[in-house]
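Asker: Whole structure, please, built from the sequences with the hints as guidance.
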Amino acid sequence: MIPGQFEYVRPGSLDEALRILRDREGEAKILSGGYSLLPLLKLRLAQPALLVDLQAVGGLDGIARTDDDWRIGGRATHRRILEHDGLAAEWPIIRDTAGGIGDPQVRNWGTIGGSCAHADPGSDWPAVVLALRGSFTCRSAGGERTLAARGFFLDTFQTAIDATEVLTEVRLPHAPGRTGSAYVKLERRAGDFATVGVAAVLTLDDSGRIASAGIGLTAVAETPFAATDAEAALVGVVAHDEAFGVAGGIAAGQARPTSDSHGPAEYKLAMVREITARALRLAASRAHGTA
Amino acid sequence: MTTQHVSVTVNGAVREADVEPRLLLVHLLRDVFGLTGTHTGCDTSNCGACTVHVNGESAKSCTMLAVQANGASITTIEGMEQGGKLHPLQQAFWDQHGLQCGFCTPGMIMQSAWLLGTNPDPTDHDVREGIAGNLCRCTGYVNIVKAIQQAAAELRASEPEGAGAASA
Amino acid sequence: MTEAQAPTTTAEVAGMGHSMKRKEDPRFIRGQGEYIEDVVLPNMVWMDIVRSPYAHATIKSIDASEALAMPGVLAVITGKDLEKAGLHWMPTLAGDKQMVLPVDTVMYQAQEVAAVIAETRYQAADAIQAVYVDYEPLPVVVDPFKALEPDAPVLRPDRGPEKANNHIWHWESGDRAATDAALAASDRVVPIDVYIPRIHVASIETCGCVADFDPVRGHLDFHVTSQAAHVYRTVISLVSGIPESSIRVKTHDIGGGFGGKVPVYPGYVISIVASLTLGRPVKWIEDRSENLQADSFARDYHVHAELGLQNDGTITGLRVKTLADHGYSDAAADPSKFPAGLFNVITGSYDIPQAFVEVDAAYTNKPPGGVAYRCSFRVTEAVHTIERLVDEAARVVGMDPAAFRMKNFIRKDQFPYHTPTGWDYDSGDYHTALRKALDLIGYDELRKEQAEKRARGELMGIGISSFTEIVGAGPSHTFDIIGIKMFDSAELRVHPTGSAILRLGVQSQGQGHETTFAQIVAEELGIPASKVKVEEGDTDTAPYGLGTYASRSTPVAGAATAVVSRKIREKARHLAAHLLECSADDLEWTNGKWSVRGSPDRFKTIAELAFAAYTNHPQGMEAGLEAVDYYDPPNLTFPFGSYVCVVDIDKGTGQVSVRRFVAVDDCGNIINPMIVDGQIHGGLTMGLAPSLYEEIPYDENGNNLAGTFMDYLLPTALETPAWETAKTITPSPHHPLGAKGVGESATVGAPPAIANAVVDALSHLGVTHMDIPLTPHKVWRVLHEKGVA
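Chains as they are written, first to last, in numbering that gives the first Met the number 0: chain A, 0 to 290; chain B, 0 to 167; chain C, 0 to 788.
Warning: the hint list may mix true and false statements.
[Said to hold, decoys possible] What follows is a list of derived Cβ distance ranges for each label pair: (1) B:152 / C:25: 20 to 28 Å; (2) C:67 / A:44: 24 to 32 Å; (3) C:448 / B:123: 20 to 28 Å; (4) A:258 / C:278: 46 to 54 Å; (5) C:448 / A:144: 36 to 44 Å; (6) A:26 / C:156: 20 to 28 Å.
[Stated by the list, open to error] Computed footprint of chain C on chain A, listed as stretches where at least three residues anywhere in the stretch have a Cβ under 8 Å from a Cβ of chain C: (7) 189–198; (8) 260–274.
It should be emphasised that the hints constitute simulated quantities derived from the structure, not laboratory data.
The beta carbon of each residue, even a glycine, is placed where N, CA and C say it ideally should be.
Answerer: Here it is, written out as structure tokens:
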């Protein structure tokens with residue numbers, strides 16, 4: 000498998016990269032880790048005229064804690080995120096997710112920004128950012144804007160990022176007290192794309208009731224999406240296995256899986272119910288401090 | 000066809016070439032530099048036969064462009080033997096019968112080397128997780144795990160006194 | 000019965016029983032193996048192939064003008080070009096024919112349609128996109144049962160009006176009437192329907208070649224990933240008309256074979272034609288999708304089997320009816336007289352008085368085949384069926400599956416045992432192997448644990464498989480491929496200074512021939528294995544042989560090596576008599592030397608005798624010390640084993656995980672225990688793979704749904720359990736070394752152990768059978784239907 004022809008540039012600064020994207024709008028494609036894009040190029044499913052490699056652009060791969068939020072650089076690799084203890088302490092879901100993406104080599108090079116901008120409905124990060132109600136910072140030559148994750152994923156391989164923009168940062172809120180989070184992924188084999196993946200976050204109030212819930216689903220619709228009906232149904236309810244089972248059923252009601260080699264749609268719907276309940280259970284036990 | 004100049008350090012030596020931007024790193028190594036120890040097995044970054052180190056990190060060279068590696072330092076299986084002495088992993092794969100047809104072996108050894116660099120004292124499960132991106136069709140992995148553990152023990156033993164503590 | 004026979008040679012000599020480290024490894028661990036893609040010749044060009052997106056279509060036109068105008072493009076070859084030379088069809092090993100390139104019709108998705116030759120690999124890849132083919136889709140037949148219906152489209156009109164259907168052949172074995180009578184007289188008849196799905200060997204190295212025709216010398220060097228170089232040379236000569244003396248087939252190192260590198264693929268023939276046309280070396284390396292979509296498949300057998308039983312659990316008879324899906328051409332690599340391979344070994348390890356087996360084969364719009372997947376000619380299909388069926392029979396009569404097997408096993412004292420389908424099992428001790436496996440895994444404890452878990456609603460299963468393999472094809476009275484008898488050969492030359500070269504007609508693909516065959520010479524002659532160079536895979540130098548597949552190397556070429564060594568030993572005896580000035584009859588052979596009986600200090604070592612063969616041989620004796628042997632085995636060998644497996648099932652998701660797997664194998668005497676264990680580890684993993692993960696499914700339009708490693712799921716180290724292996728040793732009585740062959744036993748034996756364990760885990764819910772692969776969604780569906788999930 001050999002890619003078609005293209006030009007390649009490696010700008011030394013973000014401004015230069017953004018200038019190129021503006022000047023070559025519609026022709027250029029951003030190259031981050033390459034583990035999403037290169038297979039498409041080799042299969043000749045994508046044939047861009049120009050690849051803009053961001054590896055020499057500094058300052059895009061950091062992980063920073065601010066008073067307001069976590070800021071993960073778009074070029075932070077899955078592995079760098081996996082190994083960040085501070086992030087994992089606050090958001091165990093991050094470690095669940097990063098550790099299950101692809102294989103070690105993929106985690107060494109694949110990036111969170113590349114993964115989210117690529118918007119494969121089967122990749123794992125989008126569901127997490129959706130569940131945590133995070134946002135994406137996008138920069139163009141004209142300026143910067145921040146887009147909420149909810150509303151960002153428009154269709155398969157299609158997001159709200161403009162062709163002249165770079166996804167520079169993923170922002171995640173801080174976890175309130177009594178919050179637990181988990182990502183549970185059902186895969187056919189190690190390194191596989193998810194059959195179903197569920198990102199769950201629960202914040203409990205002092206009485207043990209659910210104050211807020213976030214649920215993001217991977218691989219069961221044309222885009223990753225937030226199971227908003229299930230989230231709403233959980234608020235005010237005592238965190239309990241039965242409620243999680245009910246929430247799983249409601250989440251399945253919003254899923255639109257297709258039959259493929261991972262299994263028939265009927266199975267995937269059942270797995271949305273099952274895996275959602277499991278993810279919520281794990282998130283709740285973490286919120287209670289028992290896991 | 001436009002070409003771009005790439006300069007990489009491969010196994011310690013600077014190598015240069017003018018290449019098409021679309022040239023895959025694995026083809027730069029094999030077809031341009033003649034380092035045929037790195038193999039292609041699946042084309043879709045599932046099998047890991049093409050694993051090399053790029054700036055110290057294991058990478059699948061069939062899923063990286065040669066131009067992406069421009070300026071990088073690359074280690075391939077050909078760079079593992081030093082001064083006529085096999086790398087402990089090479090020796091261990093031989094000792095433990097960790098290979099049969101040998102096709103996945105270079106990638107497997109390179110991935111194992113990366114793994115032991117990040118986790119010098121892995122459990123068997125850690126080892127299996129560490130090589131989950133490298134497929135072997137011959138060995139059933141049992142002896143590969145043994146080989147990696149043999150090399151891990153040897154590398155730990157050969158570490159200078161106190162080096163482990165100092166870095167902890 | 001012992002775990003391993005004690006070696007009789009020193010570690011330095013390293014004869015049989017020594018776990019000698021492999022001689023081939025120093026190059027592999029350094030990345031210095033030479034695989035086909037590593038072959039680079041001066042002036043070499045690249046070929047790439049245009050493939051059909053349709054499973055069945057008429058080719059209305061092919062427009063290559065744009066491709067031909069592209070940089071570096073040298074030629075585009077189509078079926079019409081080949082037709083002019085009569086090369087558009089080629090014979091298959093099974094006596095059918097297949098297209099090299101189609102003239103007017105494509106028969107499966109990804110079939111070769113045209114080839115582009117260009118100066119570089121990248122230019123060729125670009126140019127195949129600029130060959131425009133106008134297709135008109137035709138009705139697609141993917142189901143072999145539908146293919147045999149009267150109104151099905153006839154896929155192979157080339158067979159003439161008298162064969163205006165999709166039925167390829169009918170084959171049967173055993174006594175139909177006696178079997179019908181035995182079943183009619185039984186207390187009950189237990190039926191089962193088993194589908195053993197289409198899978199692919201998927202060696203990590205794909206297939207490829209470099210065809211190098213030198214127009215000046217009129218000579219073809221053909222470098223190729225082949226398990227059977229000599230047969231390739233003969234086939235190429237027959238197809239091309241080039242004399243065999245002007246063809247040299249060279250294999251190099253092979254990155255796994257498993258049966259997939261036995262057939263001659265269209266790409267090879269096109270490469271040769273391209274090299275003949277251009278007078279330049281032409282290289283073709285498949286990518287993974289081409290490999291999974293177009294190379295020969297394995298299995299695809301639909302089996303209906305019935306077992307006759309008395310109420311006490313005694314088996315009375317076995318009746319089997321099978322439909323084989325061969326794709327659009329029967330390109331199976333089976334011995335000529337066995338179109339369904341050795342499938343009639345299906346009576347397995349059991350003393351079954353009567354059996355009748357029939358197989359019909361059908362054409363469909365799928366790639367042609369089939370080959371083995373690390374198995375000896377359809378044995379996996381046979382073993383899977385009988386091992387699933389005896390489990391089901393045990394359930395029906397209310398017996399434990401282990402006890403049922405023990406009751407019906409062929410007893411040790413019954414060997415040699417003649418089966419109702421005509422095989423003569425050489426030796427076996429099935430009760431001991433199963434007892435050992437049950438003890439090692441702690442069978443009774445596991446049954447207790449299972450009962451407790453079941454009471455708690457947890458799903459755990461224990462599965463047994465007690466298989467009998469049939470390997471070492473084969474005796475020349477019965478076995479040939481395209482007429483060539485299935486002997487194999489060894490040529491041994493001992494040099495003046497005592498080292499030796501051994502050349503073989505078989506072909507290592509990772510089995511370690513350079514080591515084990517040297518150990519056989521070491522065992523027989525006392526020459527240290529380190530000083531025996533083993534060479535294979537060059538038809539100019541190696542003696543003719545049928546190659547390596549179906550676990551035949553040790554049974555046939557191993558025997559040839561032992562016999563050729565003994566020929567050398569006999570000549571050395573006469574040299575020793577000359578040097579020691581005694582009668583050859585007064586000499587005895589011990590530990591690499593001939594000594595005078597009764598005077599052990601008067602002796603000559605093999606090294607001394609080798610030197611004498613060139614420097615001091617007696618008048619009248621031919622100089623030198625070399626011999627050749629073409630070994631015609633008197634019988635096949637019958638390795639066996641008992642496997643026990645424990646699985647846990649996630650009730651919520653249907654995921655199956657193998658918790659433990661104990662494999663007790665008996666492959667007769669062992670040459671290199673380390674290598675035998677390695678073969679079993681690998682074989683078990685290739686048994687696990689189709690049990691839980693691998694399948695090549697097709698949709699109704701004939702689209703291959705597992706055309707990359709993203710969907711064709713080879714097990715990683717994480718899914719693969721830490722295999723537990725043990726041995727019993729029951730030597731083959733007819734093999735010179737008492738050895739039997741082992742490369743495929745575990746692939747044959749493992750799948751029913753896993754399938755039986757999964758069915759066992761679900762048996763209390765009323766589940767009696769499930770087809771592999773036991774994927775999560777398939778298991779979940781059963782759980783769902785039973786109201787558990």
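Asker: Give a verdict on every hint.
Answerer: Hints, one by one, checked against the model:
no.	hint	result
1	B:152 / C:25: 20 to 28 Å	holds (22 Å)
2	C:67 / A:44: 24 to 32 Å	holds (26 Å)
3	C:448 / B:123: 20 to 28 Å	holds (23 Å)
4	A:258 / C:278: 46 to 54 Å	holds (52 Å)
5	C:448 / A:144: 36 to 44 Å	violated (59 Å)
6	A:26 / C:156: 20 to 28 Å	violated (50 Å)
7	189–198	holds (count 5)
8	260–274	holds (count 9)
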